[in-house]
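> One letter stands for each residue in the lines below.
There are 2 protein chains.
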Amino acid sequence: MFERKSIQLQEAVTRLMKFANPGEMEYLSPLEATGFYLAEGLVADHPVPPFDRSPYDGFAIRSSDTARATTHNPSVLKVVGEIGAGQVFSGTVGEKEAVRIMTGAAIPDGCDAVIMIEAVREIKIDDNLHIQVRRPMKANKNISFTGEDVQQGTVVAEAGKYINPGVIALLATFGYTQVPVRKRPATGILVTGSELLDLDDPLEPGKIRNSNGYMIHSQALRAGAEPIYLGKLSDDLETNFESITTNLKKVDILITTGGVSVGDYDFMPEIFNRLGANVLFNKIGMRPGSVTTVAEKNGKLIFALSGNPSACYVGFELLARPFIRAVLGARHPFSPRTTAILGADFLKKNPFDRFVRGKLELKHGTLFATPSGLDKSGVVSSLAEADCLIVFLKGRKESKKGEQVEVILLDSKESISMEDFFADKVRGR
Amino acid sequence: MFERKSIQLQEAVTRLMKFANPGEMEYLSPLEATGFYLAEGLVADHPVPPFDRSPYDGFAIRSSDTARATTHNPSVLKVVGEIGAGQVFSGTVGEKEAVRIMTGAAIPDGCDAVIMIEAVREIKIDDNLHIQVRRPMKANKNISFTGEDVQQGTVVAEAGKYINPGVIALLATFGYTQVPVRKRPATGILVTGSELLDLDDPLEPGKIRNSNGYMIHSQALRAGAEPIYLGKLSDDLETNFESITTNLKKVDILITTGGVSVGDYDFMPEIFNRLGANVLFNKIGMRPGSVTTVAEKNGKLIFALSGNPSACYVGFELLARPFIRAVLGARHPFSPRTTAILGADFLKKNPFDRFVRGKLELKHGTLFATPSGLDKSGVVSSLAEADCLIVFLKGRKESKKGEQVEVILLDSKESISMEDFFADKVRGR
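Chains as they are written, first to last, in numbering that gives the first Met the number 0: chain A, 0 to 428; chain B, 0 to 428.
The set of hints was computed from the structure by calculation and includes no laboratory data. Each hint should be verified, as a subset may be incorrect.
Straight-line distance between alpha carbons at most 35 Å, and here's what the computed DSBU-like set of lysine-lysine pairs gives [as the list claims (entries may be wrong)]:
hint, chain 1, residue 1, chain 2, residue 2
1, A, 4, B, 396
2, A, 17, A, 393
3, B, 358, A, 160
4, B, 123, A, 358
5, A, 400, B, 358
6, B, 296, A, 137
7, A, 348, B, 362
8, A, 348, B, 412
9, B, 362, A, 347
10, A, 399, B, 396
The task is simple: from the sequences and hints, build the whole structure.
This is the structure we're talking about:
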């Protein structure tokens, strides 16, 4: 009923990213904004430093008082006060006067230089503290001037920047009580397949527990979405159509698993037909996940992932994750990629671009990537370690341990542009 | 009032980690458990495969029926059924019969081998589908036997493992409706300092906004804790003592900033004295954060971090973060470290071990680390990029761009043991 025309991953991503509009803006406290992306540039509401201040512990002075100072004939200044944390000196410092000043404190009126504490000798005259200055100080010496680091109004972090603790510190510094971010997209997850058992069902021959639904839920959380687990459905066309129609109205993004292949019980193509959805693609030249389908209805996307766990995992990471990051307003929505050394032989041939779940290890600054589940006994446990996709491009022959491979990082807070993602090696062209 | 005896970082960490007991166990749905650590090993509640199953699309047969099969005299078997997803074949397959079987489906009773679909010729006899088999099949050929991947009862992920989407998939596969984890520690954050303004206060000379409280809140979230922002206090001994005493009862961990130095307004030493707290240390041979103090009262730790933003940040990451991970039950609570190439000159000398906030970049598989805020104008904006601590050990001279440095990764989901953390380079000895 639908023609299956295989397209390359880059083309598939290009088609779906056209629908990636940043979500509704909302304002969060800096206590809630970690893990979101800045919806607007973070603007300095004041200059840094915010006032002329001392970069050292020392004494604020008037440089003119030291013009004729020498070792043999030092200038003697009377210490008329001390400036502690958060304090300012009241009044103006007069001729032949000095004020004890702490690092970061505001330069008192009347002063135009700071002399470091090590450079003076403190003496008492009539029980009053004085300092001896033994050489002339130039005007403006040892003063951090207002705005010399950042001018008021400067964008110190751009829109689309991931909000980490450092960004939170800046938001607080610049007085953001309300941080502009994009709402997490409500992301519905619906799994299909008559072979699927609930988690607390006893096992039956021929059946397996639904792991995809929970896995995608966790992947969506990692991507920054607000996942909503909508349950599982048997392979029944009417029920599935009904559920998808109803649920699509309640969410921003809908993710389904199963039913996209060409078997007798693969109803997703027929459901998209009945929905009148715009099928963006239903076949991608990659493994796993070649039957991954994405359709659009009223501007909302339905990601119909394969029911095969590894295809499901990979389909989410390559297609849904950048889309979710873009809706969150990330400046660069694609997972970062880099080169790594293959940690074990990978002997499959690659008639298509292949994306294999793997585990990264940094050893003395070199990144190693080892495919998960290479040998039978490791399949299950190594799944828990997967934190990257190893890319074996179409046409690549058997790969030996120690060869160079490209990897896509799945646990990184950083992300890159589509252009960079598809540059060079992971080009899928 | 307290003797300040400087100790090395490793000794400081050793002292405080003695109080790191895993938190109370709680049980979460797999929908809630992402980002926690497994409190018990993840046990296979069934063997994998859970039943004898076919690794291919093909036909389940009785090997004895093919004993004399040749190309010229093929065995002809009648196809008596088909097994789809989640189905089982009812009844027993008899002599000279075969069943069409899909990948992953259960081997029907009576059969002891699977022949791949490519290896047979399908023919019709009296309108009934039959297959021709042209060579003898051995018993047990092409069957994935129950438990050959994982035996029931095997621990497939150990206690203390970080729960990522792959672990969630395994938890679901093995029927965990309730995942055992350790409660996030309630982590109170109290900032002190008369110079601190609230976020919506207008700026005043000599004062700065409270950024540390919000920054630590975000760092605590990243560490996996449940942070509770308790507000800010002026430098007043009575108020601070009162607040710390009251709040300590409400939280599992208390973090304060400011008041730990040796100035006139640094009240934390006197507060610990009044509290009758056991001060584990109050000086560490490192920069920044040398005055970082940790005290214990009734088994709870108070992390008294410096009020200086970079010292505060570094003190949290080096001391509080591994402690929080250990309370969460992480098997290895320390942030991973590796070698990187220095991305810019760092010309400060290092009379003490120095931990500098930096930004990581992976370029073609090589990790580069560049200190944040090397030049004045970059201080503020580069803070937003910090995702590592660059380690310059005591005695290291000026470091040039391109030299090798050790870095501690701050955004990683992985973590390492204390032994590994202090091995070789970051030894702090």
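> All hints are to be evaluated individually against the structure, with a verdict given for each.
Hint-by-hint comparison with the structure:
{"no.": "1", "hint": "A:4 to B:396", "in the structure": "violated, 62 Å"}
{"no.": "2", "hint": "A:17 to A:393", "in the structure": "holds, 26 Å"}
{"no.": "3", "hint": "B:358 to A:160", "in the structure": "holds, 14 Å"}
{"no.": "4", "hint": "B:123 to A:358", "in the structure": "violated, 50 Å"}
{"no.": "5", "hint": "A:400 to B:358", "in the structure": "holds, 30 Å"}
{"no.": "6", "hint": "B:296 to A:137", "in the structure": "violated, 52 Å"}
{"no.": "7", "hint": "A:348 to B:362", "in the structure": "holds, 27 Å"}
{"no.": "8", "hint": "A:348 to B:412", "in the structure": "holds, 32 Å"}
{"no.": "9", "hint": "B:362 to A:347", "in the structure": "holds, 28 Å"}
{"no.": "10", "hint": "A:399 to B:396", "in the structure": "violated, 41 Å"}
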